[in-house]
Amino acid sequence: MTAVFLGIPTAPRGVGHLRGDLSFPDAARDSLRDGQLRANLGHATATIRGKRAAVVGEVPDWAELREAGRAIKAATMARLDEHLIALEEQVTARGGTVHWASDATEANEIVTRLVQATGTDEVVKVKSMATQEIGLNEALEAAGIAAHETDLAELIVQLGEDTPSHILVPAIHKNRAEIREIFLRTMPGVDPGLTDDPRKLAMAARAHLRERFLRARVAISGANFAVAETGTLAVVESEGNGRMCLTLPQTLITVMGIEKVVPTWRDLEVFLQLLPRSSTGERMNPYTSLWAGVTPGDGPQEFHLVLVDNGRTAVLADEVGREALHCIRCSACLNVCPVYERAGGHAYGSVYPGPIGAVLSPQLTGIEDNASLPYASSLCGACYDVCPVAIDIPSILVHLRAEHVEAQQHAGPEALAFRALSKAMSNPRLWRLAQKAAGLGRFLAWGRPTLPAALPPPASRWTRTRDLPTPPKETFTQAWAREHGG
Amino acid sequence: MKVALFATCLVDTMVPQVAMATARLLERLGHEVVVPPGQSCCGQMHVNTGYRREAVPIVANHVRAFAGAEAVVAPSGSCVASIHHQQAAVARRAGEHALAEEAAALADRTWELSQFLVDVLGVTDVGAYYPHRVTYHPTCHSLRMLKVADRPLQLLRAVRGLDLVELPAADQCCGFGGTFAVKNAETSTAMLTDKMANVLSTHAEVCTAGDASCLMHIGGGLSRLRSGTRTVHLAEILASTEEAVTPHQSTTPAVPA
Ligand code: SF4
Chain A
1 MTAVFLGIPT APRGVGHLRG DLSFPDAARD SLRDGQLRAN LGHATATIRG
51 KRAAVVGEVP DWAELREAGR AIKAATMARL DEHLIALEEQ VTARGGTVHW
101 ASDATEANEI VTRLVQATGT DEVVKVKSMA TQEIGLNEAL EAAGIAAHET
151 DLAELIVQLG EDTPSHILVP AIHKNRAEIR EIFLRTMPGV DPGLTDDPRK
201 LAMAARAHLR ERFLRARVAI SGANFAVAET GTLAVVESEG NGRMCLTLPQ
251 TLITVMGIEK VVPTWRDLEV FLQLLPRSST GERMNPYTSL WAGVTPGDGP
301 QEFHLVLVDN GRTAVLADEV GREALHCIRC SACLNVCPVY ERAGGHAYGS
351 VYPGPIGAVL SPQLTGIEDN ASLPYASSLC GACYDVCPVA IDIPSILVHL
401 RAEHVEAQQH AGPEALAFRA LSKAMSNPRL WRLAQKAAGL GRFLAWGRPT
451 LPAALPPPAS RWTRTRDLPT PPKETFTQAW AREHGG
Chain B
1 MKVALFATCL VDTMVPQVAM ATARLLERLG HEVVVPPGQS CCGQMHVNTG
51 YRREAVPIVA NHVRAFAGAE AVVAPSGSCV ASIHHQQAAV ARRAGEHALA
101 EEAAALADRT WELSQFLVDV LGVTDVGAYY PHRVTYHPTC HSLRMLKVAD
151 RPLQLLRAVR GLDLVELPAA DQCCGFGGTF AVKNAETSTA MLTDKMANVL
201 STHAEVCTAG DASCLMHIGG GLSRLRSGTR TVHLAEILAS TEEAVTPHQS
251 TTPAVPA
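Residue numbers (full-length UniProt numbering), protein chains in the order written: chain A, 1 to 486; chain B, 1 to 257.
These are calculated hints, taken from the structure and not from any lab test.
Be careful, since some hints might not be right.
[As the list claims (entries may be wrong)] Taking lysine-lysine pairs in the BS3-like style, the calculated list, with each CA pair at most 25 Å apart, reads:
(1) Lys147(B) with Lys51(A)
(2) Lys423(A) with Lys183(B)
(3) Lys436(A) with Lys473(A)
[Said to hold, decoys possible] Covered stretches of chain A, going by a simulated chain B footprint (3 or more residues, C-beta under 8 Å):
(4) 19–33
(5) 381–387
(6) 428–439
(7) 467–473
[Unchecked claim] Derived contacts from chain B toward chain A, CB cut-off under 7 Å, selection only:
(8) Gln172
(9) Ala185
(10) Met191
Please read all numbers here as calculations on a predicted model, not as lab measurements.
Cβ atoms here follow ideal geometry from the backbone N, Cα and C, with glycine treated the same way.
Please work from the sequences and hints to get the whole structure.
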């Protein structure tokens, strides 16, 4: 049964970034032509792929660790409601406040209200997928509140008025020269002699950000994990900018998808090993910040946790698709995906690109709002192989394709063709006739070994770039029967 | 051993020489080959395009056609992977539990060609002769779903006269992906272009693999480029013998009639 029939709400339209304007094939068409993008992505993903493979290869019990990660996530999802209530109790007991948001609109309203209550008109932000998903920056801006991204790559994207194209490296589609150009154009007071030396670029960003860290009274973060038994939140990052936000301002607001909860402190042991090796190819994560509620005289004195559903309960209701909620956002599947590497993150039209995006976005929004995404894969299986929590992405893709097909009220030409083919393929006599009909295609070739390149659609979608062999006079089963007197 | 050959719908209809080569090879190794006449398709294309309900009667036909077979061999990693990983599941989902059981039992007796040769028959030198420069592309489903690993390479290394050259970035998908190749033709072509660049960088005369579908895609691209490099299925290379070589052989496999 699908989520739609159960009546569980999916992520609402008109808010957030889960839907693109174009279908995947149309959006990909443009990015495939962008040679700079193809080169940047090809280079960047190949580098991260290599680093990941090397550090994963040195862990002798990686397979067991991966299975532990999978098992913890599956067990947690099975009793998600209980763990969330336990989390709320613990956060509250430690001086935090928990807010429940059923969707993006509600979450944005809650956060806006909380910021307004502090009387400030600007916030610093830790890199967070959940706030991107719900379109929080736009909602704050509409309320007259400026949100400053502090993750280096997010900053590049924000200054360039661009959108992220990767969950870990949002500006992966940009190279050094392009980043220099963005900084020169948009950073107030930047040294006009700025070069594209990575250190120089980082120093420019540092100077720009420091000022904001010291000024900000409110910070907004996401969370990688939340431990139910202790009410501890965890943010995992590489730059230390996140830690600045988590410690300096008076008020901290954390926006978290409900699937990020883990039951016990010990569970972090598994994920903090799986995550850095899978994502950045590091043995240990550089900055891991953990906090529970508020501590008088140390760090933010006001802490709010906003728990966001935005379609997740609907995903949980699908027994095949729910595995997508196990994702720890390491981005390993993006880095190995041949489709992502060529089409780029923007083609997916959602903050969640790549293989995980192709299974998560359509489930969060309802399949019909992202119907082209489950087809944006050759089902090569590279994503499943690298996923640190063993999400069988290819099987979910295939499942979602079926959900889409089965949701159609009227059969289109494709459905009719597949039905007819099914009839033929399940009846040997009809199948032999169908094969004979296909064999007649050989007359189009006028005796050449390949068919002409100019065929009518849908065959043209193959023959525009690839020759099609001329069908043989005799099928194998015919030839065999003739030889063996069948 | 009596081997039931599953030609697969694509090979049977479009490239019958691949199934014929598989049969000749198994016969040369001393096995009896039968071709159950009721066979058509494993159902993979339907399942992977979203027509899992429509795949159920196809699975039923497959199970009927191969009922009683001792061992089933197919020259396709992808179809065998579908038999192993999808057939029983789609039957079960449709509530056809008896069919699911039968499909699972048949899957246990079904092998991809290189696995059958190396694991079941225990041979790596099949006595083949193919004096050409060849590169091998491990197709995704044989690599990741069936885990055939280096079995095809073991077989190729034992072929006399064959100069095996390593394919750079071999484990990258060629971009075929079934209906992906037409639904996302541009992305598929971009992937194909990189695969062809790697194939051509080896200066191989022939690119081989264990799946006729991926080879039709790669070969179709190479032919469109007039590259001169062609694709030949692994079964055809393994079936080629010195005795069958004719004066105008070129890279056409010399499979005895
Ligand atoms: S699906 Fe798996 S590999 Fe992809 S980002 Fe999530 S955890 Fe990482």
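Going down the list of hints, with the structure as the test:
Of the supplied pair hints, the one linking Lys147(B) and Lys51(A) holds, its CA atoms being roughly 23 Å apart against a limit of 25 Å. Only pairs whose Cα atoms come within 25 Å are accepted, and Lys423(A) paired with Lys183(B) is accepted, the gap being roughly 23 Å. Distance hint between Lys436(A) and Lys473(A) is fulfilled; the C-alpha atoms sit about 9 Å from each other, no more than 25 Å. Note: the segment 19–33 of chain A has 5 residues with beta-carbon separation from chain B under 8 Å; the three-residue rule is met and the coverage holds.
Under a criterion of three residues with beta carbons nearer than 8 Å to beta carbons of chain B, the stated coverage of the segment 381–387 of chain A is upheld, 4 such residues being counted. Taking a C-beta to C-beta cut-off of 8 Å, the segment 428–439 of chain A contributes 5 residues in contact with chain B, enough for the three needed, and the coverage statement holds. As drawn, the segment 467–473 of chain A meets chain B at 5 residues by the rule of a beta-carbon pair under 8 Å; at three or more, the given contact holds. At its closest, the beta carbon of Gln172(B) sits 6 Å from a beta carbon of chain A; the interface hint therefore holds under the 7 Å criterion.
The closest approach between the C-beta of Ala185(B) and any C-beta of chain A is roughly 4 Å, which is under the 7 Å cut-off, so the hint is satisfied. Interface hint status for Met191(B): upheld, as the beta-carbon distance to the closest one in chain A is roughly 5 Å, under 7 Å.
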